[in-house]
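There are 4 protein chains.
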Amino acid sequence: MYLQLIGQWPSYFSFLVSFTFIGIMWINHHRLFTHIARCDDVLLILNLLLLLGVVVVPFPTAVVATHLGQSDQRTALVLYNATYVFIAIIFNFLWKYASSAKRHLLAKDVDAASVKRISRQYAFGPVLYIVCLALSWVSAEASLALNFALACFFALPPHVAVSKES
Amino acid sequence: MYLQLIGQWPSYFSFLVSFTFIGIMWINHHRLFTHIARCDDVLLILNLLLLLGVVVVPFPTAVVATHLGQSDQRTALVLYNATYVFIAIIFNFLWKYASSAKRHLLAKDVDAASVKRISRQYAFGPVLYIVCLALSWVSAEASLALNFALACFFALPPHVAVSKES
Amino acid sequence: MYLQLIGQWPSYFSFLVSFTFIGIMWINHHRLFTHIARCDDVLLILNLLLLLGVVVVPFPTAVVATHLGQSDQRTALVLYNATYVFIAIIFNFLWKYASSAKRHLLAKDVDAASVKRISRQYAFGPVLYIVCLALSWVSAEASLALNFALACFFALPPHVAVSKES
Amino acid sequence: MYLQLIGQWPSYFSFLVSFTFIGIMWINHHRLFTHIARCDDVLLILNLLLLLGVVVVPFPTAVVATHLGQSDQRTALVLYNATYVFIAIIFNFLWKYASSAKRHLLAKDVDAASVKRISRQYAFGPVLYIVCLALSWVSAEASLALNFALACFFALPPHVAVSKES
Chain A
1 MYLQLIGQWP SYFSFLVSFT FIGIMWINHH RLFTHIARCD DVLLILNLLL
51 LLGVVVVPFP TAVVATHLGQ SDQRTALVLY NATYVFIAII FNFLWKYASS
101 AKRHLLAKDV DAASVKRISR QYAFGPVLYI VCLALSWVSA EASLALNFAL
151 ACFFALPPHV AVSKES
Chain B
1001 MYLQLIGQWP SYFSFLVSFT FIGIMWINHH RLFTHIARCD DVLLILNLLL
1051 LLGVVVVPFP TAVVATHLGQ SDQRTALVLY NATYVFIAII FNFLWKYASS
1101 AKRHLLAKDV DAASVKRISR QYAFGPVLYI VCLALSWVSA EASLALNFAL
1151 ACFFALPPHV AVSKES
Chain C
2001 MYLQLIGQWP SYFSFLVSFT FIGIMWINHH RLFTHIARCD DVLLILNLLL
2051 LLGVVVVPFP TAVVATHLGQ SDQRTALVLY NATYVFIAII FNFLWKYASS
2101 AKRHLLAKDV DAASVKRISR QYAFGPVLYI VCLALSWVSA EASLALNFAL
2151 ACFFALPPHV AVSKES
Chain D
3001 MYLQLIGQWP SYFSFLVSFT FIGIMWINHH RLFTHIARCD DVLLILNLLL
3051 LLGVVVVPFP TAVVATHLGQ SDQRTALVLY NATYVFIAII FNFLWKYASS
3101 AKRHLLAKDV DAASVKRISR QYAFGPVLYI VCLALSWVSA EASLALNFAL
3151 ACFFALPPHV AVSKES
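Protein chains in written order, with our numbering: chain A, 1 to 166; chain B, 1001 to 1166; chain C, 2001 to 2166; chain D, 3001 to 3166.
Please note: incorrect hints may appear among the correct ones.
Which chain B residues face chain C? A few, computed with CB under 10 Å, are given here [claimed, not checked]:
{"no.": "1", "residue": "S1018"}
{"no.": "2", "residue": "L1051"}
{"no.": "3", "residue": "D1072"}
What the simulated footprint calls covered on chain D by chain C, stretch by stretch (three residues with Cβ under 8 Å from a Cβ of chain C suffice, anywhere in the stretch; the number is not a length) [unchecked claim]:
{"no.": "4", "stretch": "3001-3011"}
{"no.": "5", "stretch": "3025-3033"}
Source of the hints: derived by calculation from the structure; they are not laboratory data. Quick caveat, the model's predicted, so the values are computed rather than measured. Yeah, the Cβ is synthetic: ideal placement off N, Cα and C, and Gly gets one too.
Make a model of the complete structure from these sequences and hints.
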C-alpha cells in the first residue's frame, strides 16, 4: 500500500499547490475587502470573475501535475500560467475599479499610502505571469519556479512586498 | 494532450455557461435582498425554490453541451429552457410576494420607483423564456441566442434594462 | 435521449425529495434559532448531530429510490425511516435543551406560547416516524405516504400545525 | 441488499469518524475564536493551515477504514496519526500566536484563566498524538483507542479537561 500511496503523488501535489495558491488569493481578497466598504454591480461582476479564476485553478494544476516531465508538459504549463495571467488581470481591474476615488467604494478612513502600495504590488502580476507563460517554451522548471516565487510575493503583505517609500 | 483538452470542450462550455448564468442569478438575488429587510415562512420557501432552480442549472446545461448538433438536441433544449421558465416564474413570485405593500417585508426607506422597475424587468422573464422553449422546435441556434440575450438582459441593472419613465 | 433522461428518474426523485426534506429541516432550524440567542458546548454538539442527520439524508433516499418496487424495498425503507427517527429525536433534544428556562439560551423577549407550540409540534416527530418505520413491514406505500405527510406537517409553521389554545 | 449495505461499512465508519473529529475541531475552533477579536496576516495563514488539516482528514481516515485488519494497516495508521500530529501542532501555534499578550489579538474582556486553561489542554496534543503514531508499530488497536480517547479529551471544554487550580 505504501507504494500505492506514493504513486498518487500528482494528486497530492496538485491538491497542495491548489490549496496554497487559493489560500494566497483568499488572503489577498481579504486584504482588498478590508478596504472596500460599498459595492455596485460592476464590482459584483469583477468579484465573480475572480471567483471563476479561483474555482478553475485546480483543473490546470492537476493537468500540470499529471503531465510534468512528459513530452506534452508545455501545453499543460501554458494552460496553467494562462489561468494566473487571467487572475492577475482581474485582481488589477477589481482593485483599480474599487479604489478609484470618484466611485467612493472604499471605507472613508482608508489609508491612501496603503491603497497605493496594493496597486504597486498588483501591477507586477500580469507582466510577470506573462513572463511565466513565455518561460514554458524555454524551461518548465524556470516557469514553475517563477510561478511559485510569484505566489510567495503575493502572500507577502503589501508594506513588505513593495518598498515603503512611495 | 492538446487535442484531449480541446476534445473536452462540452465540459468547459457547460461549466462556463452555468457559472455565468448562476452568477447573473446571484446578482439578481443580491439586488432583491438589498431591498428586502424581513422574511417569513413563505419567503423562505420561495427562496428555497429559487435555490432548487440554481442547483439544477448545471445538469440541463451539460445535457445541451453534450447533445448540441446531434439529432436529439431538441429534447436537450426543451429541458434546458424549461429550467429557465421555472426560475423566471419563481423570481417573479418571490419579488411579487416580498414587494407586496401589505406584508411589510421591504426595508422602510426603499425607493418605490426602484421596486417598480424590478417588477417590470422581471415580467419579461416567463414570457420570453417560453418563447425560447418554443424556438427549440424551430431552430436550436435561435433558441440559444435568445436564451443568452435574456441572460444579458437580466444582468443589466433595472434602471438600465427598463426605460426610466414609468 | 428522451428515454435515457426518463430512465434516470430514481436520481431525480431522490434529489428532489432530499432537497425538499432538507429544505424543511432548514426552515425548522431557522425557526428554532430565531428564538435561540446564546449557545454553549452541548448546543454546539446537538447542532452537529442535527447536521449529521441532514448530510446523511441523501444516501437512504437514493437507496429507497433505486430499490422501490423491488423485493428488497423493506430494508431500504427501514434505513430511510430510521434516519428520520434519529433526526426527529435530535430536533426534540436540541429544542428541549435550548428552551430550558434554567439555561437562559433563548432570547429575552421570546414568546412563551410560541416556545410551547414548537415543543408540542416536535413531540409528534419521534413517535410518528417510528410508526413510519413499523409500516415498512406492512406496506411500502403507507410508510412513504405517512413520511411525506409528516414532512408537510413539519413544514407548517407551529401556530398552524398545532391548535392555538394551549 | 442488506448484505450490500453492510459490506460498505468502511465507508460509513470513515464518514462517521471524519464527521465526528472534524466536528470536534470545529468546536475547538469556535472556542478559540470566541476569545480572538482581531486578526492579522500570520493568523490568516495559521488558520488556513488548520483548514488544510481539516479538509485532509477524510482521506487518511478512509485509508485506515479500508485497510484495517490487513497486513498493511500500519502504513495507514502512520498516515492517519501523522495528520493529527500536524493538526495538534497547528492548533498550538495558532493559539500561542493569537493569545500572545503583545499582539493584542484577543478580546479586551478575555478571561486570563480561560486562556491559560486552553493553552494547557492543547499542550497535550502534539505529544500524545506522537505517542499514537508510535503505537502504530506496537498495536493498531491501542493506537486507535488512544486516538479516539484524545478526540474525547479535546471535545471536553477546557475547564473540565484540565484541573481548575492552575
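Consistency of the hints with the structure:
1. S1018: violated (16 Å)
2. L1051: holds (8 Å)
3. D1072: holds (4 Å)
4. 3001-3011: holds (count 3)
5. 3025-3033: It holds, with 3 qualifying residues against the three required.
Against the hints set out earlier in the document, a violation occurs for number 1 only.
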